[in-house]
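Visitor: Single-letter residue listing:
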Amino acid sequence: MTLRLASIIRKEFIQILRDPRTLIMTLIMPIMQLFLLGYAATTDIKNIPIAVWDQSRSPQSRALLDAFRSANYFTIEYEVGSQQDIRTLIEDGKIRAALIIPPDYSQQLIENDAQVLVILDGSDATSGSTALSASQLIGQAYATKIMTEDASRLGRGSAVAPPVQFLTQVWYNPDLVSAYFMIPAVIGIILYVISTMLTATTIVRERERGTIEQLIVTPIRSWELVVGKILPYVVLAFLDTFEVLILGHYWFGVPVRGSLALILETSGLLLLSSLGIGLFASTVANTQQEAMLTVWMTLLPSIFLSGFFFPLEAMPPFLQAFAYIIPLRYYLIVIRALLIKGVGASSIQGEIIALAVFGIIIMGIASLRFRKRLD
Amino acid sequence: MDDINLIEAKNLYRHFGATRAVDGVSISVKAGEIYGLVGSDGAGKTTTMRLIVGALLPNSGEITVCGYDVRKHTEDARSQLGYLSQRFSLYEDLTVLENIRFFAEVRGLKSNEWYPRSMEILEFVGLANFATRRAGQLSGGMKQKLGLASALVTRPRVLLLDEPTTGVDPVTRQDFWQLLIQITSTPLAPNLPSPLHSSPNIGSGDGGEGAVAVLISTPYMDEAARCNRVGFMRHGKIIAEGTPSQLRSRLTDRVIELRGSPLKLLRRIAQEDLDVEDVRAFGDRLHLRVREGKADLVASRLPSAIRSEGGNVDGIRVIPAVLEDVFIELSEQSYE
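So the protein lines, in turn, are chains A and B. What the first sequence shows, in our numbering, is residues 1 to 375, in sequence order. What the second sequence shows, in our numbering, is residues 1 to 336, in sequence order.
No wet-lab data here; the hints were simulated from the structure. Be aware that a few hints might be false.
[To be verified] Incomplete in silico selection of chain B near chain A, CB under 7 Å:
(1) Arg78
(2) Val106
(3) Glu241
None of these values were measured; they are calculated from a predicted model. Glycine is no exception: its CB is placed at the ideal position from the N, C-alpha and C atoms.
Modelling step: build the complete structure from the supplied sequences, incorporating the hints.
Guide: Here you go:
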């Protein structure tokens, strides 16, 4: 390392330590994000409040309600006496679903023609669809159970067994915990957002405060300036990565099954892209606000098209095509596979190559644009 | 040695859009020389400086610093120069010593050299007692001295100072100039900067060692008068250049001092005289700039004109011009 490079790095670290607000933000923000996304951004819907209008009030109807209760998906919050009551409760946001059991439910059951109505609040599509599939599953399971009971009572147990049985096994995340999906992605987002923003602002700050003019007239080479200013923030970004990794693992129980070295190497490849974008933003912006806006312009599409919140498969084809140029998309695949599946490099080599290629291209363009000049 | 130009800029052009900020400027500054660049705001002084240090690229023109082509051997040229920009451009969140250390190291001082050299230079500019203070907590004048110290710490051969004393109190301005004069006039004195680097075609060890070439821009005429040579800039051009006395001689026998009362009447009558080009108030008196060869004529006829309108003349005489008179004359000239 050259002496010049070392003194830029030391200067940058002194400045980071002298600015405790930024430092604390940088170290606290990932924890906040982690807890927010780990807990709040979950699609594991449990205990959906429902109302029941049980007009049958028979042992059979009570058995059906028990089936609903035991599945954990729903909590029966209200027992109501009319459809109007249900409407009022849904409109007031007190319940998300309602179950209506007809007066002649037990009679219908004997005639093998029972109908139960489930009303769902579709205004929240996520909980609505979960409630829909949960109620269908509970309903089907309950129906099968009754059929089997009837059949065995009539002594033809084996004849009514379904011809095909679907056995499901969920690998890697048997309980389908959302946090397993979210937390690896949070690592990616934090690494990406922090390194992009800090890089863009640290260079623009020199311009804004006029110190760049003094730097320009020193014999510092452009690459030394770029590397010296960026490296401290790379260290910070990796600190954040470890912070999220450790908390994610010990607090949220997210497994770390892949090789730590591979996680760090692929994270380094992502950093090439994010630092490159930050550097690029610093070459087009004159103030920190401009730099922030420029960075946000690239961050939002990156986050939404990375498959962080929404699966890419669900997007229209043109957006899916667009997502191919988002480096974060590859990293999220890589980091999820590394943490949850514990795969080796060969399983994710396509994504690794894509990350490297994007990193080199973006960093290359940004470095070419970065001039140690005022114009 | 002294004949070699440490700064050599030829036919510099730089425009920003339609504005010709620098429009054919040539400047040369020798070792041991202080060259003053004066001119009103927007005349192109700062842009000229930025072109010479390579912070901006010229549209055309050649610049060498200590024999290095600034465009081709930028970093070599920069290792020879110290630059103090108009705006305080050191790190306010670093201490005085940290700032100096940073600039000393990035400009090539070894880790065992920077400390003694930094303390020496802080002593020189009078900031040794403030070494651990954050730069942001210094007064305006101290900041400028810190800037000068940072520029001097590697003992550059060339010093470019862009309005270093703007907004600085008169006492500090005096100190500052004493420092500058010491740097350029007594190069071999102990505790004073001498060149850190030897440059390609300027040998070291001869009598010129340590003599620094200074290019300074200033809005103050009393500072311009202290320079060895002065260039007047207007609209991106150097419209006059010379030693202060050469420049003042442009107006030999052309400035008249008029004292009397009431000043308003004196001014009006003077302005009505066809041989008077310009009238300026200097405190309780007026300076009149007159056409060439007309000084005696004006001096003899003005008092009677003033008295005939009830005014009072206490004294009228031809005086040597000051640089400010020249500056005003040059500023008006380029409008014509």
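Visitor: When the hints from earlier in the document are held up against this structure, which numbers fail?
Guide: 3
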